[in-house]
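K.L.:
Residue numbers (the numbering used here), protein chains in the order written: chain C, 1 to 212; chain D, 213 to 802.
Honestly, the hints are just simulated from the structure, not real lab data. Built from N, CA and C at the ideal position, the CB exists for glycine as well. Keep in mind that a hint or two might mislead.
[Said to hold, decoys possible] Listed next, with one range per pair, are the computed distances between beta-carbon atoms: (1) C/L128 / D/L280: 32 to 42 Å; (2) C/S111 / D/F337: 24 to 34 Å; (3) C/V203 / D/A468: 30 to 40 Å; (4) C/G200 / D/R519: 51 to 61 Å; (5) D/I611 / C/A129: 56 to 66 Å.
[What the hints assert, rightly or not] From chain D, some residues computed to sit far from chain C (all C-beta separations above 12 Å): (6) F335; (7) L338; (8) I413; (9) F456.
In case you want the letters, here they are:
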Amino acid sequence: MPILVEERRPVGPPPPIKPADRGGEGDFGESGSAFPLSKGQIGVWILLTAIIMLFAGLSSAYIVLRGVPSWQNIELPSLLWPNTAVLLLSSVAVELSRRAIRRDDIQSMKSWLAVGGALGLTFLIGQLAAWRQLVNAGVYLPSTLQSSFFYILSGLHGLHLLGGVVALGIVLVMALRNRLTSLRYEPLKLCATYWHVLDGLWVYLFLLLLLS
Amino acid sequence: MSESHTGEHVHHELGFWRKYVFSTDHKIIGIQYLITAMSMAVVGGTLSMLMRYQLAWPSMISPTLGKLMPDAFAGGVMKPEFYVSLVTMHGTIMVFFLFTAVLTGGFGNFLIPLQIGARDMAFPFLNALSYWVFLLSCIVIFSALFVTTGAPLGGWTSYAPLSAIPAAGPGQGTGVTLWITAIALFTASGLMGGLNYITTILTMRTRGMSMMRLPLTQWSLLITAILALLAFPVLLAAGILLMFDRMGGTSFFVPAGIIMNQMPIEHSGGHPLLWQHLFWFFGHPEVYIVVLPAMGMASDILSTFCRKPIFSYRMMVYSMIAIAVLSFVVWGHHMFVSGMNPFLGSVFTLTTLLIAVPSAIKTFNWLGTVWGARIRFTAAGLFAIGFVSMFVSGGLSGIFLGTSAADIQLQDTYFVVAHFHLVMAIAPLFAAFGGLYFWFPKMFGRFMNETLGRIHFWLTFIGVYCVFFPMHIIGIGGQMRRIYDPTQYMFLVPQQPVNVFISIAAFILGAGQLIFLFNFLFSIFAGKRVLERNPWHATTLEWTAPTPPGHGNFGEELPVVYRWPFDYSVPGEKEDFIPQTVPATVVAKQ
Chain C
1 MPILVEERRP VGPPPPIKPA DRGGEGDFGE SGSAFPLSKG QIGVWILLTA IIMLFAGLSS
61 AYIVLRGVPS WQNIELPSLL WPNTAVLLLS SVAVELSRRA IRRDDIQSMK SWLAVGGALG
121 LTFLIGQLAA WRQLVNAGVY LPSTLQSSFF YILSGLHGLH LLGGVVALGI VLVMALRNRL
181 TSLRYEPLKL CATYWHVLDG LWVYLFLLLL LS
Chain D
213 MSESHTGEHV HHELGFWRKY VFSTDHKIIG IQYLITAMSM AVVGGTLSML MRYQLAWPSM
273 ISPTLGKLMP DAFAGGVMKP EFYVSLVTMH GTIMVFFLFT AVLTGGFGNF LIPLQIGARD
333 MAFPFLNALS YWVFLLSCIV IFSALFVTTG APLGGWTSYA PLSAIPAAGP GQGTGVTLWI
393 TAIALFTASG LMGGLNYITT ILTMRTRGMS MMRLPLTQWS LLITAILALL AFPVLLAAGI
453 LLMFDRMGGT SFFVPAGIIM NQMPIEHSGG HPLLWQHLFW FFGHPEVYIV VLPAMGMASD
513 ILSTFCRKPI FSYRMMVYSM IAIAVLSFVV WGHHMFVSGM NPFLGSVFTL TTLLIAVPSA
573 IKTFNWLGTV WGARIRFTAA GLFAIGFVSM FVSGGLSGIF LGTSAADIQL QDTYFVVAHF
633 HLVMAIAPLF AAFGGLYFWF PKMFGRFMNE TLGRIHFWLT FIGVYCVFFP MHIIGIGGQM
693 RRIYDPTQYM FLVPQQPVNV FISIAAFILG AGQLIFLFNF LFSIFAGKRV LERNPWHATT
753 LEWTAPTPPG HGNFGEELPV VYRWPFDYSV PGEKEDFIPQ TVPATVVAKQ
């Protein structure tokens with residue numbers, strides 16, 4: 001069991017000297033911003049906000065159309081259950097990787113990251129197999145409103161997750177080249193944030209599709 | 213995403229292509245946005261001239277136009293579907309590819325790092341990518357004018373089911389596909405830009421530049437970027453569903469039982485109003501995405517040329533935030549006649565009229581700024597004052613249209629055309645002109661010609677009122693918004709002379725803009741040189757940078773900010789302005 005230590009923070013340049021009584025919460029240009037979030041974190045959250053709004057738009061359309069008389073529920077492919085479990089496990093793996101690097105355990109960070117990425121890929125293949133299941137059952141994109149939504153929601157989510165897999169791959173390459181340390185691991189942190197939110201998004205979409 | 217330039221990189225020299233074309237420098241990207249958007253404005257403006265020609269002389273046979281554009285003017289008379297495609301393309305180009313692009317892409321890119329004291333944007337590469345994707349979207353929408361089946365016909369709002377069925381009209385095939393593609397690309401470009409604007413303003417302010425010391429332009433750009441971030445993805449969602457309706461056989465927006473050209477359409481079960489809800493959930497915030505940066509820029513310019521602090525800075529900031537929040541709960545006022553429950557209509561009326569409160573606060577503050585000022589009537593200052601005039605004129609008719617009882621009468625008439633042109637097109641246009649005259653010296657190191665600028669202002673100011681004011685009257689008289697030939701209804705025929713008057717005024721107005729274009733292009737190369745950093749005696753940081761600023765903006769040392777951006781005419785001071793970089797101790801009084 002590794003010993004739990006308090007999260008170490010990178011030692012940055014000294015905080016800016018504020019001109020006395022002149023206020024100012026800005027930073028010194030490049031050195032250590034006074035803003036509590038880094039550029040990368042803000043960037044990722046902005047990207048995630050846009051993704052969340054995209055799916056908010058789509059799910060509001062879903063909720064509106066669920067009320068029309070011609071709405072027909074489809075039987076969702078049974079594979080979605082194991083897929084969801086795999087995706088949740090991948091989130092656990094990515095989180096374990098993030099925690100490993102915080103205690104400087106580079107080796108298990110790399111392994112968990114690889115596991116997370118592999119589970120993510122498994123989920124994507126599983127989603128394609130779920131589409132296959134539906135097609136075999138004779139349910140296509142235009143068959144009913146719900147089937148249209150199912151293909152579009154899961155497809156768009158899959159595309160965004162694929163982006164996440166690519167990002168995890170890039171971080172893994174960085175890790176293999178030993179460019180990540182317990183003091184500098186923002187790329188992994190950003191990836192983990194993106195990954196968890198997209199996992200949460202899938203759970204939401206799955207519930208939305210289930211609870212029709 | 214590369215990190216921003218650090219101090220060591222200030223001086224490195226690049227070749228021509230990297231410096232002026234494939235640049236990651238925010239100033240070059242800003243100017244690229246400006247010039248691309250201005251080119252789109254020339255296209256959009258030309259289309260509106262053709263529309264005015266048709267509305268004034270609907271059945272005149274013109275052999276010249278028939279020869280020039282045989283497809284559009286069969287036998288010398290404009291075809292109805294061509295007219296409707298003009299309406300669509302004019303609206304789309306002006307709303308997205310001119311106003312959204314010029315204000316946030318052009319001025320946003322140029323001004324954000326300069327006014328907050330940063331060397332560049334947070335993610336310069338992403339910023340450059342944003343421009344190139346924007347350029348691609350411009351090319352895609354422009355190409356819609358040249359496809360054999362014609363440009364899209366559905367209006368800039370692309371209402372379903374007209375837009376959802378490719379067989380619905382000649383332009384509804386390839387034309388609408390190009391429209392959706394262009395909007396999707398534009399959304400992607402806007403997201404990359406917005407990501408930069410928000411991150412840069414939040415994290416890269418120089419020492420001493422607290423949020424409450426930001427120029428109002430910066431506040432407006434920050435709020436606009438957040439609005440765009442929340443609104444554009446919803447339009448993208450709607451666009452994706454629309455694309456699937458057109459190409460994937462789905463029926464999100466197409467109800468059952470539609471018969472098109474004597475052929476039943478196979479779709480069933482969709483909801484055409486859903487498109488309107490999704491579109492306007494984006495569409496109303498879009499109005500403020502255009503107007504807010506204009507408000508911010510006009511405020512700063514107004515204060516500079518009035519030599520007075522902006523009246524009530526904090527309320528200016530809070531009212532912009534209030535407008536942004538309210539803009540998400542008013543979209544129903546675009547749909548009062550869609551069969552909406554009257555109670556819901558009343559709710560949307562209430563939220564819409566609430567926006568009048570922060571808007572009136574802002575107007576009051578502009579008047580408070582101008583009040584008692586010794587105004588310097590430069591072209592930039594005149595356009596900033598003109599902005600207030602247009603915003604008030606267009607805003608007042610908004611009160612009628614926002615009230616469901618009145619709107620049901622006025623919906624889809626020229627009253628609406630007059631309203632939205634004044635408030636969301638002409639007002640931002642005035643702010644953009646003001647901004648160009650004002651920041652041109654910083655951009656290019658030369659002045660634009662003041663005399664031509666003032667002639668341009670008066671022609672535009674009078675021209676715009678001659679064009680849009682009579683539209684209120686013919687709108688109340690019943691002229692429909694997208695009508696191709698007003699003389700086809702007996703009750704509209706007596707109004708026809710007004711249409712002729714509007715068209716002549718529009719042609720003069722259009723010719724007036726040529727003066728501006730000439731002045732702009734001529735001044736880049738041969739304008740009077742700017743010999744100082746701060747020719748307007750303004751206070752904000754961009755005027756402490758060299759003219760034009762080099763790569764890295766501020767030389768070796770970043771400026772330090774000690775005060776708010778509106779220290780004009782401080783009592784007891786020799787100069788009537790104190791730049792933000794002057795320490796407080798130097799000024800003993802106040």
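K.L.:
Can you list which hints this structure breaks, lowest number first?
P.N.:
Hints 1, 6, 7, 8 and 9 contradicted; others consistent.
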